[in-house]
Amino acid sequence: MDFTLLFIQTINGLQLGLLLFLVASGLTLVFGILDFVNLAHGSIYMFGAFICASLTFFLGNFLWAVLIALPIVAIIGYLIERTIVQSLYARNHLDHVLGTFGLILVLDTLAHLIWGPAGIAVPLPQWLNGRVEIFEGVVIPTFRLLIIATGSGVALGLLWLVNYTRLGMLIRAGASNRTMVSALGIDIQLLFGLVFALGATLAGLAGMLIAPITEASIGMGGEIIITAFVVIIIGGIGSIKGAFIAAIIVGLIDTLGRSFLDTLFKLVMSIEAAESSAPAISAMLIYILMAAILAFKPQGLFPPKVR
Amino acid sequence: MNRKQTVTLAVMVALAVMPPLFVWTGNAFYLDLATRLVILAIAAVSLNLLLGYGGMASFGHAAFIGIGAYAVGIPAYHNTYGEFELIASYNGFFQVFLAVAITALFALITGVICLRTKGVYFIMITMAFAQMVFYLFVSLDVYGGDDGLVIDTRSEFPLINLDNPLHLYFLSFASLTAVMLIVRTITRSQFGKVLQGAMGNEERMIALGYNTFAYKLTAYVISGAMCGYAGALLGNFTTFISPEMMGWTRSGELMFMVILGGAGSTIGPIVGSGLFVLVEELFSSYTIYWHLPFGIMLILVVLLFRGGLLGLISGNSKSGGH
Amino acid sequence: MKKISAIIAATLIAGISMTALQAKEVKVGFVTTLTTGGAVLGKAQKNAVNLAIEHMGGKMGDLDINLIFADDGVKPETGKQATDKLVKQDNVDFVAGYIWSHVLLASRKSVLDAGKFLISANAGPSPIAGKLCHENFFSTSWQNDQTPMAMGEVLNQQGVKSLYIMSPNYAAGKNMVAGVERTFKGKVLGKDFTKWPGQLDFSAELAKAKASGADGLFVFYPGKAGGAFIKQYQQAGMKDVMPLYTVFTVDGISLPKFQAGNLEGVMGSRVTQHWDPTLDNAQNKRFVADYKTKYGNYPAFYAAQAYDSMFLIKSAVEAVGGDLTNMDGMRTAMKSANYESVRGKYTYGNNHMPIQNFYLREVVKDSEGAWTTKIVKTVFENHQDPYAKDCPLK
Numbered sequence: 018m019d020f021t022l023l024f025i026q027t028i029n030g031l032q033l034g035l036l037l038f039l040v041a042s043g044l045t046l047v048f049g050i051l052d053f054v055n056l057a058h059g060s061i062y063m064f065g066a067f068i069c070a071s072l073t074f075f076l077g078n079f080l081w082a083v084l085i086a087l088p089i090v091a092i093i094g095y096l097i098e099r100t101i102v103q104s105l106y107a108r109n110h111l112d113h114v115l116g117t118f119g120l121i122l123v124l125d126t127l128a129h130l131i132w133g134p135a136g137i138a139v140p141l142p143q144w145l146n147g148r149v150e151i152f153e154g155v156v157i158p159t160f161r162l163l164i165i166a167t168g169s170g171v172a173l174g175l176l177w178l179v180n181y182t183r184l185g186m187l188i189r190a191g192a193s194n195r196t197m198v199s200a201l202g203i204d205i206q207l208l209f210g211l212v213f214a215l216g217a218t219l220a221g222l223a224g225m226l227i228a229p230i231t232e233a234s235i236g237m238g239g240e241i242i243i244t245a246f247v248v249i250i251i252g253g254i255g256s257i258k259g260a261f262i263a264a265i266i267v268g269l270i271d272t273l274g275r276s277f278l279d280t281l282f283k284l285v286m287s288i289e290a291a292e293s294s295a296p297a298i299s300a301m302l303i304y305i306l307m308a309a310i311l312a313f314k315p316q317g318l319f320p321p322k323v324r
Numbered sequence: 041m042n043r044k045q046t047v048t049l050a051v052m053v054a055l056a057v058m059p060p061l062f063v064w065t066g067n068a069f070y071l072d073l074a075t076r077l078v079i080l081a082i083a084a085v086s087l088n089l090l091l092g093y094g095g096m097a098s099f100g101h102a103a104f105i106g107i108g109a110y111a112v113g114i115p116a117y118h119n120t121y122g123e124f125e126l127i128a129s130y131n132g133f134f135q136v137f138l139a140v141a142i143t144a145l146f147a148l149i150t151g152v153i154c155l156r157t158k159g160v161y162f163i164m165i166t167m168a169f170a171q172m173v174f175y176l177f178v179s180l181d182v183y184g185g186d187d188g189l190v191i192d193t194r195s196e197f198p199l200i201n202l203d204n205p206l207h208l209y210f211l212s213f214a215s216l217t218a219v220m221l222i223v224r225t226i227t228r229s230q231f232g233k234v235l236q237g238a239m240g241n242e243e244r245m246i247a248l249g250y251n252t253f254a255y256k257l258t259a260y261v262i263s264g265a266m267c268g269y270a271g272a273l274l275g276n277f278t279t280f281i282s283p284e285m286m287g288w289t290r291s292g293e294l295m296f297m298v299i300l301g302g303a304g305s306t307i308g309p310i311v312g313s314g315l316f317v318l319v320e321e322l323f324s325s326y327t328i329y330w331h332l333p334f335g336i337m338l339i340l341v342v343l344l345f346r347g348g349l350l351g352l353i354s355g356n357s358k359s360g361g362h
Numbered sequence: 155m156k157k158i159s160a161i162i163a164a165t166l167i168a169g170i171s172m173t174a175l176q177a178k179e180v181k182v183g184f185v186t187t188l189t190t191g192g193a194v195l196g197k198a199q200k201n202a203v204n205l206a207i208e209h210m211g212g213k214m215g216d217l218d219i220n221l222i223f224a225d226d227g228v229k230p231e232t233g234k235q236a237t238d239k240l241v242k243q244d245n246v247d248f249v250a251g252y253i254w255s256h257v258l259l260a261s262r263k264s265v266l267d268a269g270k271f272l273i274s275a276n277a278g279p280s281p282i283a284g285k286l287c288h289e290n291f292f293s294t295s296w297q298n299d300q301t302p303m304a305m306g307e308v309l310n311q312q313g314v315k316s317l318y319i320m321s322p323n324y325a326a327g328k329n330m331v332a333g334v335e336r337t338f339k340g341k342v343l344g345k346d347f348t349k350w351p352g353q354l355d356f357s358a359e360l361a362k363a364k365a366s367g368a369d370g371l372f373v374f375y376p377g378k379a380g381g382a383f384i385k386q387y388q389q390a391g392m393k394d395v396m397p398l399y400t401v402f403t404v405d406g407i408s409l410p411k412f413q414a415g416n417l418e419g420v421m422g423s424r425v426t427q428h429w430d431p432t433l434d435n436a437q438n439k440r441f442v443a444d445y446k447t448k449y450g451n452y453p454a455f456y457a458a459q460a461y462d463s464m465f466l467i468k469s470a471v472e473a474v475g476g477d478l479t480n481m482d483g484m485r486t487a488m489k490s491a492n493y494e495s496v497r498g499k500y501t502y503g504n505n506h507m508p509i510q511n512f513y514l515r516e517v518v519k520d521s522e523g524a525w526t527t528k529i530v531k532t533v534f535e536n537h538q539d540p541y542a543k544d545c546p547l548k
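Residue numbers (this note's numbering), protein chains in the order written: chain A, 18 to 324; chain B, 41 to 362; chain C, 155 to 548.
Worth flagging that the hints you see were computed from the coordinates, not collected in a lab.
Hints may be right or wrong, so weigh each one.
What the hints assert, rightly or not - Pair by pair, the computed Cβ-Cβ distance ranges are: (1) B/130 x A/285: 33 to 43 Å; (2) B/327 x C/394: 41 to 51 Å; (3) B/182 x A/205: 52 to 62 Å.
Glycine is no exception: its CB is placed at the ideal position from the N, C-alpha and C atoms.
Isolated chain A (complex conformation):
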């Protein structure tokens, strides 16, 4: 096996995993703490990408666009929570699913109305558009390194926020005992609104980071949301640590499967059979992984504590 290629693919897998983590962390926060199933999380990811794309053209600089788009997405998230989501907390998960599916249709159509169907390619500043040679033969696009750095930073920040700050303590307490937190004189409604806005911001950030690699397009949310759900289910709902580990596993397995499965298959079967079965299996790989994990650990790798 070619070890340089293996190394490059591992980095690619890591980058995909960290991006997935950004989406999944917001989802798992909202799901674990607010006990709310948000199918429309992917649409917020899409809005992040589109808003950032428009601002990039308006301001002429991608990084400034990201900085300004982040609070905009947070406000959109907060507004969605106030108007629709908060009335649904008391309902069962199926009502959440139906309501947020309606929200997907609304948000996707709004994006179609605002930005048209074509999608937007986001230009990067020159210094981000190049490549870095890490060592002999290992050349990585600079922007992908930036995604890795951002993703790792956000992961550390979130773990710190949830585990070591007063806000994190309140968030965790609020999830298990709403009345108690209210008795402490904390505005639980505001707290929940902020958590939802944080989740939206994380999804939006992921959308902004992927836009220069792919593009901002309608329907991009639907493609990521299922994978993000796979991640939080494998990790265990509500667990930031679980989401992080599951995202990295999914990212690596997906990337390495795409890279090496056909080579492996060719060792044991005919070339034609390998060429047709390898892509099929590698597409199924993350679902097989999830089914296998749930078969043995029905609540994921890091199940939420009983509440």
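We have chain A already, so just place chains B and C on it with the hints.
Positioned in the frame of chain A, the structure of chains B and C alone reads:
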């Protein structure tokens, strides 16, 4: 007769009378719409057995529909173009048998794994198995892969001719009635009581000595097989099947039909699928941005009417079990 | 007596409905994608169809044109339902359009069983050219394999000895790969069929392609996957290492977007196609110029084919003098392809797929700096698809 029964009767009478009128008044397209509605209603009713009476929200039922439709398409394909003599056939009974048997087997195998999980984990694991089937058929070049499989010859039955839209409609309508009666019988039997008991409080049913896992698995297999049957009808209706028709959004739509109409009642899923099909057709004929009002409608239904539309009609607007 | 009056009444009604039928209009249904991200292709087709009607002055022969657009939502079932409505409710005379293979395959039976004409303005899956061919089906586009076959020939001519191939793992993608492998004589060093739909990150595959050391990279990524691919190809710095050869990836729809996103990496890349905005014939010049004036950008091939489909129908209607019941006459007229196509003169094979030229095109800047393509040379003259022999029609 309470209001729910009145609604049931009204809906069934309308479904029996309206379609022939469409044909005689020269509105053949609306017969097609009614056929699609009825076939989707069969799938929704079978999903409701799980979702409404067993608390099992399957997010993978489109896979059963797809497998059922391929069970019609693949034998027909081989009967036209050769190979696989063993399954090559236009015989409707054989194809339906194949559809029901394979989906039941698939439900049995996946059910054993899926039913170890609960709640959202169950939703996602059923989706995972459906996605595997989706990618399997995308990769099967022989049967068109992603392009799908054209079913040029419909299932052949004695006495009826499925190329006649009215015959196909009434076969579907009779099937819907049968499936409704089956679900009704099941839910009112001892079996159904245990199933519903397990939805409310599984520990209690286990303590009472019931093997709830076996009960749930049986319901899962029955539901999957009925959905497979709906798939066989759908294949005959569309004369085409592609993996796109078994993706996760389709499974989601089926769930919405059940929740929209009202889970846990006999007529709810039919009202839900009816509304879904009709509103889709109505809105989409006015504007290409019809997803916007459609989405707003879904949100409003959830916000305003607990227990789906039927909750509104029957007057007891209560939330379904958690 | 009663019977007689009933017969008279029936005849009168029949007579009235006959005159209603000959109410001096031809009804054309056009099924394309107006919702979802695919709507960008549908919009191009809709624009082109509207322009065609404008150029005809709203008439085909003496008949007014009654045009009905319908949306397929990129779903075969939705497309089929829309088609059923056009055929059964609106009672159209022609159904045209169809961007996607699976939508065309799903809708095909509805149109043909009703005895109407079906005209594909894009999709060209192999079954429809081969064993599922039909006398009332015509294409104004191409069969899937043809364009990549032309690209395989180009690679041979350019002396490309080894090739790496990437394509989505779905039917059209496999057709494209099979097409290029039919004609390419060098060695294929590796092939990746990527997940479809959904995969837009190609980092792993690009790394493999780079490691393979092939002379060239052949890809097929339609729609938004194309934009994503080109960006990553550029970001990975592959342009100087491994020249890019594409089919249906770089077109009039993606180029303005690439230009806005400053994706210089696509400049100079090679594409094969049956049509180009610079093709030198009167119909094409008028089409391209007016399309640019009216909609502000170059038409893509989707638009060109949709424009042609309207003129093909017009030729049929005029050949029978507006008698839309004369199916045989209209079929013969269409079969002769006796109309001004924007691609120039072509003919129809036994399967009613065009036998036409294929050109090598290169991405360039036009005189005003807009990114577009120009023709480098003709690769195939009068090329017929390889499935025609499977079609029982004569």
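Okay, the hints, checked on the actual structure:
no., hint, result
1, B/130 x A/285: 33 to 43 Å, "holds, 38 Å"
2, B/327 x C/394: 41 to 51 Å, "holds, 48 Å"
3, B/182 x A/205: 52 to 62 Å, "holds, 58 Å"
Violated hints are absent here; each numbered hint is respected by the structure.
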